[in-house]
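Line by line, the protein sequences are chains A and U. Going left to right, the first sequence walks through residues 1 to 447 as our numbering numbers them. Going left to right, the second sequence walks through residues 1 to 447 as our numbering numbers them.
Hints may be right or wrong, so weigh each one.
Which copy is meant is left open, because identical chains are indistinguishable; a pair holds if it fits in one copy or across any two.
[As the list claims (entries may be wrong)] In silico DSS-like pairs for lysine-lysine, Cα to Cα no more than 25 Å straight-line: (1) Lys442 / Lys213; (2) Lys213 / Lys247; (3) Lys339 / Lys213; (4) Lys387 / Lys343; (5) Lys343 / Lys442; (6) Lys213 / Lys243.
No lab work stands behind these hints, which were simulated from the structure alone.
There are 2 protein chains.
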Amino acid sequence: MAVSALLTDLYQLTMLQSYYEEGMEDTAVFEFFVRRLPEHRNFMVFAGLEQVLEYIENLHFSQEELEWLERSGRFDAGFLDRLEQFQFSGDVHAMPEGTVFFPDEPVLRVTATLPQAQLIESRLINILHYQTLIASKAARCRLVAPDKTLIDLGMRRAHGAEAALLAARANYIVGFDGTATVQAEHDFGIPIFGTMAHSYIQSHQSESQAFEKYAYSHPDNVVLLIDTYDTRRGAEKVVSLAKSLRKEGITIKAVRLDSGDLLELSAAVRCILDDGDCRDISIFASGGLDEYGIAELIDSGCPIDAFGIGTRLNISQDSPSLDCVYKLQEYAGQARRKKSEGKTTWPGCKQVYRHRAKNGSFNGDLVTLANDMRGDGEALIVPVMRKGKRIKPAETLERIRERSSDQLASLPEHLTALADSAKSYPVEMSQGLKVLAEQVDKQFAGD
Amino acid sequence: MAVSALLTDLYQLTMLQSYYEEGMEDTAVFEFFVRRLPEHRNFMVFAGLEQVLEYIENLHFSQEELEWLERSGRFDAGFLDRLEQFQFSGDVHAMPEGTVFFPDEPVLRVTATLPQAQLIESRLINILHYQTLIASKAARCRLVAPDKTLIDLGMRRAHGAEAALLAARANYIVGFDGTATVQAEHDFGIPIFGTMAHSYIQSHQSESQAFEKYAYSHPDNVVLLIDTYDTRRGAEKVVSLAKSLRKEGITIKAVRLDSGDLLELSAAVRCILDDGDCRDISIFASGGLDEYGIAELIDSGCPIDAFGIGTRLNISQDSPSLDCVYKLQEYAGQARRKKSEGKTTWPGCKQVYRHRAKNGSFNGDLVTLANDMRGDGEALIVPVMRKGKRIKPAETLERIRERSSDQLASLPEHLTALADSAKSYPVEMSQGLKVLAEQVDKQFAGD
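Please put together the full structure from these sequences, using the hints given.
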């Protein structure tokens, strides 16, 4: 099931036919932004730009798709000829991936002919929504567990194949150590982890036999799952196996717990391992965890060294969507504004300036018109594509990880807590932007 | 980003290497089931079988994938040779798609060599979890609005490309009328709907001009979005346009509201349209809806004819995951059981019998061992694949829609309400199954 140019909403195509017919091919500016913070979030982390650029660069209609559209009887021949020629030749500006951002701040801007900028809307949102959603939650896991190993185990209950892969990417760029999803290493170079499931234990005649067979089969990567029958007894079996394996030069790296009271069991297992002269065996825990469960375990002083985080992260369980949109802000040199109830937008082509306190911590953003006088601080929106071509090669994930690490370290402390911050981060609209909004309201008020 | 054989958890591959090394290639039985009802659900609807069968039939490792695995240094040459030959040659039994089911009932059973049955786990869950999740929520939308047109608008905020497409399918099989996602018609033949976004209105010099241009460009499908600036004034413009279009033989089919108080606005718009001699123009509403919002609007007597349902449905906002698993139940002729705290499974190869009351309504299920005496009622698990080949061609979506319609109509009334039912549906475990569970516990208790 390949992603095709037809992965879009029908209205993009019906609008396009009208735009072409009406000769509406002047330059349009669309911006992608989040209208409000999702529940349980004090900030967001931008992710998914790379996949958007890939999509835009490669977007075209194949002969098979064009013939299918023709057979549908919905479109005229002139329009289908235009679609056959379709190629994106506009500009894209954006915050780099891994940047922290806030509501009402444009994070990506597309400047292109109206049909071009319009057609990409649905898929662009589909890509940016999900990765930004997941990066924003994964960042909270990293913040509560700065010194722990964090592994993404969420493939199986992510919403489909692409979600599984892009979640692995989003998690990694905000500081996860890796994922269980093999294709994520193949496609993105993300380190992968994994050893055995309960079925492996169950299919053997005994748990001890399963442990031993596994150790000889994968001597360099012995992590044993000890909760299939009874966790404490599993740990005891590990201790006795460790002794015999040592003679063969095989080291057990870790045990894994995947059920029960992880605080109580990890403490009990740590004791059993330490008493059995297995201080070097670390404890990996998983099962229904996300930032809340991890924080509670760490606060309680549990001796867990690594966490596996699955379903709750890759569906963003406590807040599974962002109210994000991609809106027309300017057409043919004139600023535009949507006034629908509760969905009013800020018009025009914009820039975001971020100001830092002397200690490096973020202390306020100013949203201006892009052609306003330069604001104080760092301009977050930078050019990434010109005339349909990338300006620079794709950033490495390592580079994005460094940025995101700096960004998270620069967050004001009240935003890094898991609880909703009573004080929101200051995002101010510039005077020039407010004046423009009033002008646009007057101009498009009546007709 | 194509779905490859590498879309799996690393532990599937590490376990497989061990199974091959140990010669553990006897027959295994795995079953897929849901451990408990998700929050806010009284029943589930099974969906995604077709994509699982496609996956299983086509699963193989390409030369490029095998070389990549080799370069990773994790696996030995003998294992990679086995992977090169990999082909699924087992049997699959399942409930047909569109079947209502309950916790602890197996919905799909795989009988194959242990390595074969094991390898498919991660992606099988990934496919069934999402479609079943969405079908189960979409069914609630259909139940609260039996006579309304329901359209899926959720592509952009579904979690990635595949989620968007499979949600359109899951929604359609439980009775939605269609989707906005073009590729869903291309891939699955699902009817598509769509006309214009706010950007279309905004890019014109006036709302009236946008309406008129659209009507002439798409005279057969005139649905006008009237909330960009002021919904009531938008409706008035539609009335005056309708008069002039009538002379040209063009009919306005509907208006669409996408913001504000939909109850108040739909009533106001209905009045404006009726007073303006536009009784035939129907009202299409969207914006933050799912079964709760729709039920409230319908209960309040709103004059809305069709609902567009997006984000909240395609991420299953009120319950974004299912606690579903695929577990080893039997290996080499011996039943197996996982005993992890809170995650105990029922062992053995099972069947589900559903009993109906005289009026046709479901009144209880019995889970038995597959080779028990036949229970009362209908056996829900049927063979679908034998020795790696499908037994029958894929079911049409229309056939699945009919089944799901019958299933939803046969639900006991207390389960069809949106509120959590105080009384859960009776699912009984047979005596034979309980005896087997005890036997397995004794056999695998110690070692």
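Hint check:
1. For a Cα distance limit of 25 Å, the shortest separation of Lys442 from Lys213 across copies, 23 Å, qualifies, whereas the shortest one inside one copy, 77 Å, does not.
2. Taking CA atoms no more than 25 Å apart as the test, Lys213 paired with Lys247 passes inside one copy only; the shortest distance there is 16 Å, against 83 Å between copies.
3. Proximity of Lys339 to Lys213 under the C-alpha cut-off of 25 Å is restricted to the inter-copy arrangement: shortest distance 21 Å between copies versus 66 Å within a copy.
4. Taking the closest pair of Cα atoms, Lys387 and Lys343 never come within 25 Å of each other, the shortest separation being 31 Å inside a single copy and 55 Å across copies.
5. Within a single copy, Lys343 and Lys442 get their C-alpha atoms as close as 18 Å, which meets the 25 Å cut-off; across copies the closest is 63 Å, which misses it.
6. Taking the shortest Cα distances, Lys213 and Lys243 sit within 25 Å of each other inside one copy (15 Å), while across copies they are farther apart (81 Å).
The earlier numbered hint that this structure contradicts is number 4, and it is the only one.
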